[in-house]
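If you want the building blocks of each chain, they are given just below.
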Amino acid sequence: MSLYQILFYVFASVAVLAAIRVVTVKNPVHAALYLVLTFFSTALIWILMEAEFLGIVLLLVYVGAVMVLFLFVVMMLDVNIAPLREGFIRNLPVGVFVALVMIIELALILGPATFGLELYPSPEPAPADAGNTLAIGQVLYTKFVYPFEIAAFILLVAIVAAIALAHRRRPGVHYQDIDAQVRVRAEDRVRIAELDADKTRRGDVAGDSKANQDKETS
Amino acid sequence: MITEWLSPVIGWMSPSWQYLVVHVLLTLVIVLPVVLAVAYLTLAERKVIGYMHVRIGPNRVGPRGLFQPFADVFKLMFKEVITPTVANKFIFYLAPVLMLVAALVAWAVIPFDDGWVLADINAGLLYVLTIGAAGVYGVILAGWASNSKYALLGGMRSAAHKVAYELAMGFALVGVLMVAGSLNLSEIVRGQEGSIIHWYWLPLLPMFVVYFVSGVAETNRAPFDISEGESEIVAGFHVEYSGIAFALFMLAEYASMILISALAAVLFLGGWLSPFQGTFLDPVFAFVPGIFWFMLKISLLLFVFIWFRATFPRFRYDQIMRLGWKVFIPVTILWIVVEGAFFYFEVGPWF
Numbered sequence: 154m155s156l157y158q159i160l161f162y163v164f165a166s167v168a169v170l171a172a173i174r175v176v177t178v179k180n181p182v183h184a185a186l187y188l189v190l191t192f193f194s195t196a197l198i199w200i201l202m203e204a205e206f207l208g209i210v211l212l213l214v215y216v217g218a219v220m221v222l223f224l225f226v227v228m229m230l231d232v233n234i235a236p237l238r239e240g241f242i243r244n245l246p247v248g249v250f251v252a253l254v255m256i257i258e259l260a261l262i263l264g265p266a267t268f269g270l271e272l273y274p275s276p277e278p279a280p281a282d283a284g285n286t287l288a289i290g291q292v293l294y295t296k297f298v299y300p301f302e303i304a305a306f307i308l309l310v311a312i313v314a315a316i317a318l319a320h321r322r323r324p325g326v327h328y329q330d331i332d333a334q335v336r337v338r339a340e341d342r343v344r345i346a347e348l349d350a351d352k353t354r355r356g357d358v359a360g361d362s363k364a365n366q367d368k369e370t371s
Numbered sequence: 165m166i167t168e169w170l171s172p173v174i175g176w177m178s179p180s181w182q183y184l185v186v187h188v189l190l191t192l193v194i195v196l197p198v199v200l201a202v203a204y205l206t207l208a209e210r211k212v213i214g215y216m217h218v219r220i221g222p223n224r225v226g227p228r229g230l231f232q233p234f235a236d237v238f239k240l241m242f243k244e245v246i247t248p249t250v251a252n253k254f255i256f257y258l259a260p261v262l263m264l265v266a267a268l269v270a271w272a273v274i275p276f277d278d279g280w281v282l283a284d285i286n287a288g289l290l291y292v293l294t295i296g297a298a299g300v301y302g303v304i305l306a307g308w309a310s311n312s313k314y315a316l317l318g319g320m321r322s323a324a325h326k327v328a329y330e331l332a333m334g335f336a337l338v339g340v341l342m343v344a345g346s347l348n349l350s351e352i353v354r355g356q357e358g359s360i361i362h363w364y365w366l367p368l369l370p371m372f373v374v375y376f377v378s379g380v381a382e383t384n385r386a387p388f389d390i391s392e393g394e395s396e397i398v399a400g401f402h403v404e405y406s407g408i409a410f411a412l413f414m415l416a417e418y419a420s421m422i423l424i425s426a427l428a429a430v431l432f433l434g435g436w437l438s439p440f441q442g443t444f445l446d447p448v449f450a451f452v453p454g455i456f457w458f459m460l461k462i463s464l465l466l467f468v469f470i471w472f473r474a475t476f477p478r479f480r481y482d483q484i485m486r487l488g489w490k491v492f493i494p495v496t497i498l499w500i501v502v503e504g505a506f507f508y509f510e511v512g513p514w515f
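As they're listed, the protein sequences go chains A and B. Its first residue numbered 154, the first sequence is counted upward by one per residue in the numbering used here. Its first residue numbered 165, the second sequence is counted upward by one per residue in the numbering used here.
For reference, chain B alone in the conformation it holds in the complex:
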């Protein structure tokens, strides 16, 4: 469709080059809203945590503090970027970029609505898992290249806990794959057609919990933010970063929060499907576009992220390791066996 719109401009190119140009433009259509959402997620976080602490939160810049994110961005952009004298310069600046890339490229396979997906690939679930696994490099390399002991400790902690939670996450995805019978994210959402009880959160409830909590751990968010651990290792892997390089880390962290929420919505909460599908309310809400439901589910999950941060104290390091290796992985493996039994007895509408 977009190829036809643009045909006066790019019609002279060969089809594969047209494909390239169109997809670069579509990438921008996805990435720019994500970046804007990141900006407002930081404001939402500060406001929500503020009200949870019975205070108001930022309210000075613009009406009700609505322009606060822009003030923050400009402040960070105009601050001096300091490079530690003995840091490995190339890797030092490569690390935040790698992290940001990992947080943004996975959006290519997320279906926003029926057919609204940049790359409808049939190994989408594997792709997402791989990109998530590659995201560890940003933290480890930042920790190493800073040439600072606190940064190195942060990077090490992060590498160890990410590998642990990566496995639990992978097993949770195996659970989804078993019910859906497909690795394509759009197919997974279509497999959840029906009402709210047809979504996979119900038969896969332990998987859903494990996936979301592992997602919180993967994004280095409280209560799993031991790689930052202000009270023990100053700020962990990004102690030495300032200005725009630090801003890139924050951008990557919030973008991957949104990504994890979007994936949880796609895999367990029916993606773009309406919760009233198949009930008497379905015609009433028929005018609501699918992307609205998808955004609503993402927002709810993001609220849970913020809620966690305001509620739980930070885990101790050995507790994090125990939760990942000794609780989550056995739970997911057990539930895969239970799913096998569900398949055999054809339980509920899902199998």
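So that you can see chain A by itself, here it is in the shape it has in the complex:
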């Protein structure tokens, strides 16, 4: 067995085992971490298949950003898991039915009739200087530029909508106005009070007390 094959089987089995653990493990934080491991192994398999751009971007987007926010939320939750795990037997028939339908559908599409080895001979390995990044960029910004831009626009609209729905100015909430904080000058905050010296102490006559006290203190 070549190193390539060993690596493929290691990554593939880790990905499958971790994916199973995502749904079987009790602790939600552990489940999220197993999901990270699944993404990681899948990305490595992609890199083995010379799709380094896809692999690295999978890690960057899902592991680097999405799962961090996911963990952020899951860690803050204090959910009691037990009620969520109830009803396994009751929901089992529905679950089995949905799973069976999905398996049959997948088998119809991905079976040997349509994806057989004779229909798809294994591709030639790309030459050493060929980059997956360049290849994707060249078609993404020429042939598929409209779908790409439209997808980006839909995402932008979704972001704006989510912010518009969630963002409201509530009365009575105090915000830090940093511009005002930066613009502040010493004169706005500090008032230098000119206090007359204490005249009652020794019954000084008003007028020459200031000069006297200066002398005493110095």
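Take the hints with a grain of salt, since some may be wrong.
30 Å max Cα-Cα, derived DSS-like pairs, lysine-lysine [claimed, not checked]: (1) Lys211/B to Lys243/B; (2) Lys313/B to Lys179/A; (3) Lys313/B to Lys243/B; (4) Lys253/B to Lys179/A.
For each label pair, taking beta carbons as the anchor points, the in silico distance ranges come out as [to be verified]: (5) Phe301/A to Ser178/B: 35 to 45 Å; (6) Leu259/A to Pro513/B: 55 to 65 Å; (7) Thr249/B to Glu239/A: 28 to 38 Å.
None of these hints come from the bench; they were simulated from the model. All values derive from a computational prediction rather than experimental measurement. Where is the CB? At the ideal position from N, CA and C, for every residue including glycine.
For this one, chain A is given, so just place chain B on it according to the hints.
Frame of chain A; chain B shown alone:
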């Protein structure tokens, strides 16, 4: 070359196994100096900050305190490692290791000199960005697994501010990618051939500043060290760690400082290129190897890291968030547009 040297020992293996063995050895050749540099960076930091405070700093162990790092390492190694009773043990010990791995694996794509790179991959910039993004996990998991409120608060703060600065950093890298026209770090350095004004720091000055400051924030260094925040949350995510586990966090922090400096040197300061290239001084300095210039640039940037720590007070949390989201990201996006204009009018020697 190394494969030929080692052929008496590993010649019986198949080529892909030989490749594996050679690259494991090369990895050691990179990692060991990095770890040694970390040890002496801690000493340099204490000395530099000491002189900035008008005091001497450590000077007891060895001549002028030169063996102080070893004393620190041995002290940390022989201290008791305490595990909090209700901590999640596996994740508790996984977190520092994850952080260290993230700080070390990115070195694979750093070119030390022309051709001196472990993995000359054509998506090097993306790889670096990804590894940086994965480094957040160490802090978050350490905070969560410690089962301590201060640690959790530290982890949360760190997750939020790292995500913010990650974006600014990514946009700064897009700027470099536009000028260089390549994701390969060696190609990026070759694109900066010429004198010191051909380096990308000049056309990308806002990007350079944003990248370096975001790098300081990413490594949890002062003035962005709110995830530690001694005055508010004791020591943040690593309150519960002691002994060698704590040492791993420190090792990871300093290794990622060196990494950020190395990346800034590669992307904006011409990597291994001599600053006198193309001037009359070029023949005078022709004997200096490229790796020397690279190390010099890293050292200068590391000095700036230490200088920041000695100079600035810690940011307030909302100020950090504002700087990341409302200042850095708009600045980088604006500068990408400006770069587009530079391209159109073919400004200077860069475009």
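Hints breached by this structure: none
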